[in-house]
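Line by line, the protein sequences are chains A and B. So in this note's numbering, spot 65 of the first sequence is number 65, and the numbers just go up one at a time. So in this note's numbering, spot 15 of the second sequence is number 15, and the numbers just go up one at a time.
Simulated from the structure, these hints should not be mistaken for laboratory data. Positions of the beta carbon are idealized from the N, C-alpha and C atoms, including for glycine. Don't take each hint at face value.
Said to hold, decoys possible - Just so you have them, the derived chain A footprint on chain B, three or more residues with Cβ under 8 Å:
#, stretch
1, 22-30
2, 53-63
Claimed, not checked - Dumping the calculated DMTMM-like pairs for lysine to aspartate or glutamate here, alpha-carbon to alpha-carbon at most 25 Å:
#, chain 1, residue 1, chain 2, residue 2
3, A, K42, B, E29
4, B, K165, A, D13
5, A, K42, B, D116
6, B, K165, A, E21
7, B, K161, A, E149
One letter stands for each residue in the lines below.
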Amino acid sequence: MNLAEKILSAHTDRKQVAPGEFINARVDLILANDITAPLAIKEFHRLGVPKIFDPKKVVFVPDHFVPSKDIASAEQVKIMRSFAREQGAIYFEVGQMGIEHVLLPEQGLALPGQVIIGADSHTCTYGAVGAFATGMGSTDIAAAMATGEIWMRVPPTIKFVYHGALPKWVGGKDLILFTIGKIGVDGALYAAMEFAGEAVNALPMDGRFTMANMAIEAGAKTGIFAVDGKTTAYLQQRARQPYKVYYADKDAQYSQVIEYDVSQLEPQVAFPPLPSNTRPVSQAKDIKIDQVVIGSCTNGRLTDLRIAAEVLKGKLVHPEVRCIVIPGSQQVYLQALKEGLIETFIRAGAAVSTPTCGPCLGGHMGILAAGERCISTTNRNFVGRMGSVKSEVYLASPAVGAASAILGRIASPEEVL
Amino acid sequence: MSLKGRAHKYGADVNTDVIIPARYLNVHEPDELAKHCMEDIDPDFVNRVRPGDIIVAETNFGCGSSREHAPLAIKAIGISAIVARSFARIFFRNAINIGLPLFECPEAVDGTESGDLLEVELVSGKIRNLTKRKSFTARPYPDFMLELVEAGGLIEHTRKKLAEKGT
Ligand code: SF4
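One chain only, chain B, in its complex shape (with noise of 0.2 Å):
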C-alpha cells in the first residue's frame, strides 16, 4: 500500500498538548478531535490540510501525554502518515494501536520541506520526495509491529489471537 500526500513540516518534540488541547478532551469522537488537530501550534492547518497529507517532524513527535486523542485528531482529519527523526514512545504505540503509520527517517526530514510532495510505502519504508525526485528509506518495522500494522491495528490483532484461542 503506498501513501501519498503533501508534507506538513514541524520542529522538534511537538508535544500532545498542541496536538489536540486538553480543553478540547471532554469528547472522544475522532471527527470532533479533528476540528482542533494542532490548533495550539499551527491553527491554519485544519484548513489547509487535504486527505492523504504527510506530517514530517524532527525528533520526540508527540512527546507528553498519553491522549490517544492526539493521533485520532490527526488520522480522522486525513493525515495519511507521519515521517519523523524520532517519536515518543507513547504515542508511537497509540499511532501504530490505531492504524496510522510511522516512519523513522533522519534523511527524508532533512530533504523535505513543507508543500513537497511525498510518497511512502507502508511495508517497504521507501520513501519518495516526488518534488525534489529524491528517495529515502526508512528504519523497517520489526516483525511483531509489522504484524500489528498488517492487521489494522491492535483491536483487530487481538480479535485474531482471541479467536485462535476459541475464546
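This is chain A alone, in the form it adopts within the complex (with noise of 0.2 Å):
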C-alpha cells in the first residue's frame, strides 16, 4: 500500500485497502469554520445525539469574517462559539485565533498519520505533515461529529516527483502552480497527490504546507507528503499527543507517477479565472496592478513574510497600489514583529491586518472594485472571489507579490533587487 493507503486502513477494521473501495474511516480531528460550523451544527441537532463523540477532536476556528464584518456574521460565530462551549470542543477566539489550516499544525493539533476532515477544502493543507486529510461539507462533519467516522472512497495515489535544486526566489507556490498548470483543475481529481524528490525535500515545512493547500486546486482529496526530518523537528515543540508516522510499502502502487525537472522553473503566475491558467513571471510583465495581498492559508506563515520583506526592505510600495499583508495566526504575526517584519511592511506603506482570511474568499478587507485587478498570493482566481465579478485576480508567490507591490505591475524580485 502507498501512504495514503496505509492511513486510511489503519483507520478502518481492515488489513488492506485499495483504490475505490468504499469505507467508514475513524477520525482523529474535525474541523469545521464560522461559515461552515452553523450549518454543520444545525444538522448536527437533526440526529438527536446529545453529544459530540470526543470534545478533544472537534475544532471550531472563527476566520472568515473575523473579526466580524457585519451583524450576520456576528451571529453565525456566535451559533459556533455556543455551540463550542456548551460541547467543550475546541474553539479559538478572535485574538488566539489564526487562519484554520495555518493554526491547526502551528498548534500541534494535526499530526503525522492522523485522518483529519473539515469542512473547509483547504483542510488538504494537513497533507504536510503526512496525515491524510481532505474537505468535505458540514453535513459530513455533522455526522462524523456524531459518530467519530466518515464514510469515505479510497482514492487512487498520483504520485508526483520533483527532481533538481529549485533556484532563488522559487518555491512551494511555484512548484504547485506549474503542476496544476500541467494537469489542470480536475487533473487529480478524486485523487490523492503525493508529492516525492529532492525539490520537496528541500523545501521547508512552509513550502509543504503551500503544495499540499492547493491539491484540491487539481481536485484532488488530498495533498501528502511523507514524514522526514524537518517534520518532526516542526512537530517536536508543538504535537499535543503522541502520532504514528506511517510509510508506504516497498512495493506501491499508484495510479500514475509524474516527474519534472524543475531546476530552471522560474516563478509562476496564474491568470484568472482558474488556478491552471499558469505562465512563467516573464511572460507576465505588462499587467498593471492595483492591490495586492499577502497571507491567507496558502502563503501567510512565517517564510512567506520572510521572503515578502525581503523584497520589500527598504522599498516603497506603488503609490498606486494598496498593499495589504494579513500573518496567518497570532504566532506568525508575533514572531513577524519580533524580526522586523512588520516594520519593514509598514514603512514601505503596506497595510498588516490581524489574521483573517478576508479578501481571499472576498469576505472583507481589501475587496476589489469593478475592473480591478490584484496579484494575491491566495488560492482560487475565479470569477468574482474578491469582489466584483468584473475584478481580475492573479495568484502567485510573496517574492512576485511583493515585487509587483513595489514595480504597480507584475513583477519578478529580480527586476526590483
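Dock chain to chain to rebuild the complex, using the hints, since each chain is given by itself in its own frame.
So, in C-alpha cells, the structure goes:
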C-alpha cells in the first residue's frame, strides 16, 4: 500500500484497502469554521445525538469573516461559539485564532498518520505533516461529530516527483502552480497527490504546507508528503499528543507517477479565472495592478512573510497600489513583529491586518471594485472571488507579490533587487 | 422516482464561488441562499428557473470551496437534479448528502441544449430528452451511494445506523 492507503486502512478494521473501495474511517480530528460550522451544527441537531463523540477531537475556528464584519456574520460566529462551549470542543477566539490551516499544524493538533476531515476544502493542507486530510461539507462534519466516523472512497494516488535544486525565489507556490498548470483543475480529480523528490525534500515545512494546500485546486482529495526530519523537528515543540508515522510499502502502487525537472523553473503566475492558467512570470509583465494581498492559508506563514519583507525592505509600495499583508496566525504575527518584518511592511507603505481570511474569499478587508486587478498569494482566482465579477485575481508567490507591489505591475523579484 | 424539468446548460468548471458568492455566506438559511443562486455566472437564472428544472453542465461542476451552501441554494431554488460530464469531489458528496441527485452522463450533456425538457429516473439513471426524443443512461451509483440517496441523505442514513446500534 502507498502512504494514503496505509493511513486509511489503519483507521478501519481492514488489513488492506484499495482504490475505489468504500470505507468507514475513524477520524482523529474534525474541523469547521464560521461559515460551515453553523450549518453543521444545525444538521448535528437533526441527528438527535446530545453530545459530540469526543470534544478533544473537534475544533472550531472563526476565521473567514472575523473580527466579525457585519451583524449576520457575528450571529454565525455566535452559534459556533455557544455550541463549542456547550460541548467543550476546542475553540480559538479572536485574539488567539489564526487562519484554520495555519493554526492547526502550528498548535500541534494536526499530526502525522491521522485522518483529518474539515468543512473547508483546504483541509488537505495537513498532508504536509503526513496526515490524510481532506475537505468535505457541513453535513459530513455533522455526521462525523456524532459518530467519530466518516464514509470515504479510497482514492487512487498520483505520485509527483520533482527533480533538481530550485532556483532562488522559486518555492512551493511555484511548484504547485506549475503542476496545476500542467494537469489542470481536474487533473487529480478524486485522487490523492503524493509529493516527493529532492526539490520538495529541500522545501521548508511552510513551502510544503503551500503545496498540500492547493491539491484541491487540481480536484484532489488530499496532497500528502512523507514524514522526514523537517516534519519531526517542526512538530517537536508542538505536538499535543504522540503520533504514529506511516510509510509507503516498497511495492506501493500508484495510478500514475509524474516527474518534473524543476531546476530551471521560473516563478509562476496563474492568470484569471483558473489556478491552472499559469505562465512563468517573465511572460506576465505588462499587467498593471491595483492591489496586492500577501497572506491566506496558502502563503500566510512566517517563511512567506520573511520572503515578502526581504523584497520590500527599504523599498516603497507603488503609489497606485494597495498592499495588504495578513499574517496567518497570532504566532506568525508576533514572530514577524519580533523579527522586524512588520516594521518593514509598514515603512514600505503596506497595510498589516490581524489574522483573517478576509479578502481571500472576497469577505472583507480588501474587496475589489469593477475593473480592478489584484495579485494575490491566495489559492483561487475564480470570477468574482475577491469582489466584483469584473475584477481580476492573479495568483503568485509572496516574492512575486512583493515585487509587483513595488513596481505597480506583475514583476519578478529580480527586477527590484 | 422520476424528475422532470427544463434544462439550464453551463460550461466546464462552474465553481462554488459563482454558484453562491462568499458575500452571501453570512447566513445559512437555504431560502436566503437561493435568492443569489448562480448570480455571478447567470444573473437571470433565479428569474427563469421553475421548480423541477435540471442543470446540465460540462466537466468538474461544483469545483472550489467545500461550502454546502452551493448545493443547498441549488436545491432550495427548486432544481431537481444535475446532469454533468463530471463533478468536483466535495460538491458530489455534499449534494448526495443533502439529497440532491447528480448524474454523470457525457452523452446526455452532448445531447441537450438549454430549454430542452428532460426526465430523469433516480435509481436506474435513465435520462430522457423529451424535446429531442433521445435517451441516455447515466453511470450507476455504487451500492453505498444508492443507499444514501434512497435514505434521503446522510443525516437520515446516520440516524438509521445509530438506531440499529441502539445508541
Ligand atoms: S484563507 Fe482563503 S482559502 Fe484559506 S481557509 Fe481562508 S478563505 Fe479559505
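Now for the hints, and whether the structure bears them out:
no. : hint            : in the structure
1   : 22-30           : holds (count 6)
2   : 53-63           : holds (count 3)
3   : A:K42 - B:E29   : 10 Å, holds
4   : B:K165 - A:D13  : 17 Å, holds
5   : A:K42 - B:D116  : 37 Å, violated
6   : B:K165 - A:E21  : 23 Å, holds
7   : B:K161 - A:E149 : 12 Å, holds
In this structure, the one hint that does not hold is number 5.
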